[in-house]
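Engineer: Taken in order, these protein sequences are the chains called A and B.
According to this note's numbering, the residues represented by the first sequence are 1 to 350, in order.
According to this note's numbering, the residues represented by the second sequence are 1 to 350, in order.
One or more hints might be untrue.
One copy or any two copies: either way a pair holds, since identical chains are not told apart in the list.
What the hints assert, rightly or not - Listed below are the simulated DMTMM-like cross-link pairs for lysine to aspartate or glutamate, each with C-alpha atoms no more than 25 Å apart in a straight line:
id, residue 1, residue 2
1, K218, D303
2, K308, D19
3, K323, E222
4, K319, D19
No lab work stands behind these hints, which were simulated from the structure alone.
Treat the numbers as computed from the prediction; the structure is a model and nothing was measured.
Number of protein chains: 2
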Amino acid sequence: MVDPRAYEAMGQPITGFRDPYFLSVMAEVQSGLREVFGTTNRKTFPIPSSGSGGMEAAVGNFVRAGSKFAVFTAGHFADRIAIMGRRQRAQVVCCTKERGEVFTQEEASTFIEREKPDVVAFVQAETSTGAYQSGRAITAAAHKAGALVIADCVTSLGAMPVELDSVGIDIAYSCSQKGLSCPAGLSPISISPLAWEWLDKRQDDPATWYLDLRLLAKYFEEPHVYHHTPSPPLYYAMHQGLAVIEEEGLRARWERHRTVGEKLVFQLEKLGFEPLVKDSNERIWHLTVVLPPADLDEAKLRDRLMSKYGIEIAGGLGKLAGKILRIGTMGPLATEEQAQFLLDAIAASI
Amino acid sequence: MVDPRAYEAMGQPITGFRDPYFLSVMAEVQSGLREVFGTTNRKTFPIPSSGSGGMEAAVGNFVRAGSKFAVFTAGHFADRIAIMGRRQRAQVVCCTKERGEVFTQEEASTFIEREKPDVVAFVQAETSTGAYQSGRAITAAAHKAGALVIADCVTSLGAMPVELDSVGIDIAYSCSQKGLSCPAGLSPISISPLAWEWLDKRQDDPATWYLDLRLLAKYFEEPHVYHHTPSPPLYYAMHQGLAVIEEEGLRARWERHRTVGEKLVFQLEKLGFEPLVKDSNERIWHLTVVLPPADLDEAKLRDRLMSKYGIEIAGGLGKLAGKILRIGTMGPLATEEQAQFLLDAIAASI
Chain A
1 MVDPRAYEAM GQPITGFRDP YFLSVMAEVQ SGLREVFGTT NRKTFPIPSS GSGGMEAAVG
61 NFVRAGSKFA VFTAGHFADR IAIMGRRQRA QVVCCTKERG EVFTQEEAST FIEREKPDVV
121 AFVQAETSTG AYQSGRAITA AAHKAGALVI ADCVTSLGAM PVELDSVGID IAYSCSQKGL
181 SCPAGLSPIS ISPLAWEWLD KRQDDPATWY LDLRLLAKYF EEPHVYHHTP SPPLYYAMHQ
241 GLAVIEEEGL RARWERHRTV GEKLVFQLEK LGFEPLVKDS NERIWHLTVV LPPADLDEAK
301 LRDRLMSKYG IEIAGGLGKL AGKILRIGTM GPLATEEQAQ FLLDAIAASI
Chain B
1 MVDPRAYEAM GQPITGFRDP YFLSVMAEVQ SGLREVFGTT NRKTFPIPSS GSGGMEAAVG
61 NFVRAGSKFA VFTAGHFADR IAIMGRRQRA QVVCCTKERG EVFTQEEAST FIEREKPDVV
121 AFVQAETSTG AYQSGRAITA AAHKAGALVI ADCVTSLGAM PVELDSVGID IAYSCSQKGL
181 SCPAGLSPIS ISPLAWEWLD KRQDDPATWY LDLRLLAKYF EEPHVYHHTP SPPLYYAMHQ
241 GLAVIEEEGL RARWERHRTV GEKLVFQLEK LGFEPLVKDS NERIWHLTVV LPPADLDEAK
301 LRDRLMSKYG IEIAGGLGKL AGKILRIGTM GPLATEEQAQ FLLDAIAASI
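Take the sequences, apply the hints, and build the full model.
Structural biologist: Right under this line is the structure:
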């Protein structure tokens with residue numbers, strides 16, 4: 001759900017991309033993004049794409065042909081990272097676990113010590129399974145091996161801890177339509193000084209020009225060299241989305257998502273649903289993924305919720321299609337009232 | 001300038017990307033785009049990027065490593081196509097003329113017969129110079145040589161003749177914020193059955209996953225397989241932008257742009273400005289590019305117009321920086337009254 005203030009912001013007049021007002025909005029968006037990413041990275045800006053474009057920017061700029069790319073995969077979006085790595089003609093090695101699981105420090109270091117990759121990637125909040133992994137189990141081993149770490153923060157940003165600098169993530173990307181409660185269309189990205197130094201020294205150009213981070217950065221910094229035409233309504237919306245987060249306070253917002261998510265799981269278990277992620281510390285707070293009771297047709301339940309209550313919940317992707325329900329309670333939807341409305345609707349529909 | 005109806009449309013509630021209402025908007029956007037492109041190409045849809053992303057999709061999908069790519073260059077954006085071709089590790093050959101010029105049938109066929117390229121690209125309306133080239137001088141020679149033809153229609157679409165099928169263009173891309181009078185953020189693309197057949201048979205995957213047209217097409221057609229999350233407000237805006245064009249009539253809209261553009265050039269010449277493109281048949285109607293009188297500082301004039309009248313006009317790009325003025329009169333701005341307001345402001349500022 002898009003925050004009402006983000007909707008409203010899109011009505012503001014569209015200016016040129018070097019208009020002083022637009023540049024001031026852009027600067028505030030960048031500083032707001034640093035806050036939610038938990039970083040001081042100067043290279044933090046939204047790129048003109050969906051979250052998958054952010055993924056491609058991260059992989060396309062930092063994973064070179066012939067380099068070794070280690071991906072921790074236990075879900076659909078981690079698999080997508082590996083696919084993108086192969087398209088860069090890198091040597092992709094995957095450390096794979098069952099859908100819904102996360103990686104322990106021992107698993108991560110054993111794998112990294114054995115493979116000695118140039119770049120490591122993991123998904124902080126795997127939208128396809130509901131599993132959350134801060135990344136602390138992975139970054140130390142990766143850095144010890146001299147590898148840069150890419151984190152997919154598509155679903156974590158703005159809703160639960162991302163903390164790039166404290167976790168030790170080098171390159172992170174996200175989207176606008178989940179934890180930031182804005183319309184889709186922009187992908188915030190953040191790059192550490194260490195990763196930027198590597199990129200700055202890269203001799204060859206990445207295959208992508210559109211998502212070339214060195215070119216993009218020149219637009220977001222003085223003297224704002226023209227690269228692409230940005231979409232002002234999406235910036236205006238993100239500007240307001242970030243202001244809403246700042247006003248609530250990032251930690252208060254996390255806490256709200258946690259409280260509502262835990263209540264939802266507790267009540268759904270009573271109704272016979274079972275969380276896919278067993279350990280409650282490894283669950284995404286604002287995306288509850290459950291297996292329905294054995295006799296329940298998940299597609300029919302989703303149809304009923306949509307047609308009778310206007311509630312849209314998602315089904316499984318890929319291997320988990322037809323097996324799970326994915327319930328988002330993000331931003332304005334993460335309240336006791338909304339959770340109760342949803343629970344009542346589910347109770348009446350099963 | 002964004003059409004008021006396109007602004008208003010962005011306030012509509014955001015739905016999921018497989019919501020029946022959203023799918024109906026998407027279908028109507030696709031059929032409206034076929035109209036403005038002048039094509040029956042089934043593969044016509046907006047991709048989630050700016051116009052430069054459309055350029056990258058065209059080049060990245062159709063220009064393979066090692067293939068021969070011929071680019072007709074006489075401006076900044078044609079140069080960009082060549083840059084993208086090199087990033088695909090293609091053998092790029094350029095037929096280059098002075099900025100503001102277009103290519104004759106003889107020049108095109110001599111070049112193509114000599115180079116025997118796999119793919120040919122040209123810019124229909126070169127935003128950096130104001131030159132318009134329908135492409136008729138290029139397509140016949142290209143097809144005779146068995147090459148596919150890519151056309152950059154970023155500035156022509158919705159404002160002057162594009163006519164893909166009649167001209168014989170195989171792959172065309174555009175943007176949302178120029179002739180369609182919508183906010184930036186979507187790039188309409190259209191692919192002929194012949195080009196699609198080639199793509200369908202392509203054995204290797206392009207380096208780009210985000211702009212992979214085979215994956216994108218699966219989302220825009222049944223059964224609407226998930227690829228990326230589209231940005232509903234941008235679709236809503238384009239839906240209205242295309243409806244506005246349909247109501248006015250495409251040919252009436254072209255005529256309006258032509259009339260205003262010709263008036264502007266005529267009056268600017270009286271004020272001592274000189275059009276960069278000498279032949280009036282080779283000028284973009286809605287983007288007037290002029291050299292200022294010898295004693296006039298173009299940057300100061302632009303500053304004065306902006307600060308005193310709120311009129312934004314663009315300067316030159318690359319080699320033409322500091323030498324020209326680029327004046328857009330597109331969509332709601334292409335009226336006698338707006339042109340007169342602009343001319344009065346210029347007359348009072350020089």
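Engineer: How would you classify K319 and D19 at a CA-CA limit of 25 Å: within, between, both, or neither?
Structural biologist: Answer is between; shortest inter-copy Cα gap is 23 Å, intra-copy 48 Å.
Engineer: Can you give me the call for K308 and D19, within, between, both or neither, at a CA distance of at most 25 Å?
Structural biologist: Result: close only across copies, 15 Å inter versus 47 Å intra.
Engineer: Under a CA distance limit of 25 Å, which applies to K323 and E222: within one copy, between copies, both, or neither?
Structural biologist: Between. Shortest inter-copy distance 22 Å satisfies the 25 Å Cα cut-off; intra-copy 50 Å does not.
Engineer: 25 Å Cα cut-off: does K218 pair with D303 within a copy, between copies, both or neither?
Structural biologist: between (47 Å within a copy, 23 Å between copies)
Hint compliance for this structure: every hint is met.
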